[in-house]
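Next come the chains, spelled out residue by residue.
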Amino acid sequence: MSRSFAVPLDAVDEVQVHADGVTAVKRIVADDPYLVGHYPGFPIYPGVFTVETVHQAARRAVEAGRGPGVRVELAAVRSVRFRAPLLPGDVLTAACRLREDPDGGQRVRVDADCRRHDGEVTAKVSLELLVLSQEPADA
Amino acid sequence: MLEYAELTAILPHRHPILQIDRVLEVEPGRRIVAVKAVTGTEPCFAGLTDGLPASAYAFPPALIVESLGQAGAALWVLSARAGGDEPRGTLVFGAARDFRFAGAAYPGDVMRHEVVVESLKPNSAVMRGETWVGDRRIAVVGSMLAVARPESELAAGPTD
Chain A
1 MSRSFAVPLD AVDEVQVHAD GVTAVKRIVA DDPYLVGHYP GFPIYPGVFT
51 VETVHQAARR AVEAGRGPGV RVELAAVRSV RFRAPLLPGD VLTAACRLRE
101 DPDGGQRVRV DADCRRHDGE VTAKVSLELL VLSQEPADA
Chain B
1 MLEYAELTAI LPHRHPILQI DRVLEVEPGR RIVAVKAVTG TEPCFAGLTD
51 GLPASAYAFP PALIVESLGQ AGAALWVLSA RAGGDEPRGT LVFGAARDFR
101 FAGAAYPGDV MRHEVVVESL KPNSAVMRGE TWVGDRRIAV VGSMLAVARP
151 ESELAAGPTD
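Note that the protein sequences, when read in sequence, are chains A and B. Counting in UniProt numbering, the first sequence runs from 1 upward without gaps. Counting in UniProt numbering, the second sequence runs from 1 upward without gaps.
These are computed hints drawn from the structure, not numbers from a lab. Watch out, some of these pointers could steer you wrong.
[Claimed, not checked] Short derived list, chain A residues pointing at chain B, Cβ under 7 Å:
| no. | residue |
| --- | --- |
| 1 | VAL51 |
| 2 | VAL77 |
| 3 | PHE82 |
Note that the Cβ used here is the ideal one computed from N, Cα and C, for glycine as well.
Extracted from the complex, chain A is given alone in its bound form (with noise of 0.2 Å):
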């Protein structure tokens, strides 16, 4: 585990990128990072977690779309709606599709689709990503 930035979790266990965005799944396992808290002997994967699944996903996406010397922060959750529950064994897909508004491209909009591997939506997530330049490492 090698990380460039403090992440609850590994929201993403794999991606697919593709014209107009980006698709991740996450295999919810009951040892995921902050599930023994989230409840004790009732494990569920946290919303905000699913909302971490498409930052993670759409800020790779980004960042490997306009290459390095930028930095990706996530500026708003726009909207967020949970339906339904995410529990060990479930597989999370998130269909996420990126749109980068007019004027300079500073701002990505993102909204995704999150399914359960039987089809049931279980969120509906709207971020708003912010693309900056790089700063220097501290090092």
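Fit chain B to the given chain A structure using the hints.
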């Protein structure tokens, strides 16, 4: 003021996802002020490579949402109890709108959440809130919806 031990009697969340440390002020039915200290030993800071810029150590926004949401959940439970009641079922995050981040919290910072009630019902609560680090406002949420679900319904799957 409510300490961490008392929070475990209010929220179902436990270590390491119990994301508030102390309640400073509460007016049941109206508002709450709760704090969370961010420390480098938290699981979210594990495994970062050396030589990263300061921004890499920003406390993850998803956990800011969780922490602010828990402050709201605590307000809901305390408000219900003040009225001799209790939310029925497990509290879950239902929805949020206009959650904007305007800054970050880093290890060593203390986040202060201020949450205000918009509406309270037996099975749902709508709240808005802000998160501050000192005099910097780092996050604002226009509305958060929390709902109480029976555990049987959660285990069964669809909840809508």
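Comparing the hints with the structure gives:
A distance limit of 7 Å between C-beta atoms decides the matter here; for VAL51 (chain A) the minimum to chain B is near 5 Å, and the interface restraint holds. For VAL77 (chain A), the interface hint holds, since its Cβ comes within 7 Å of a Cβ in chain B; the closest pair sits about 4 Å apart. Contact between PHE82 (chain A) and chain B, as hinted, is supported at the beta carbon level, the nearest pair being about 6 Å apart and thus within 7 Å.
Comparing the model with each numbered hint stated earlier shows that all of them hold.
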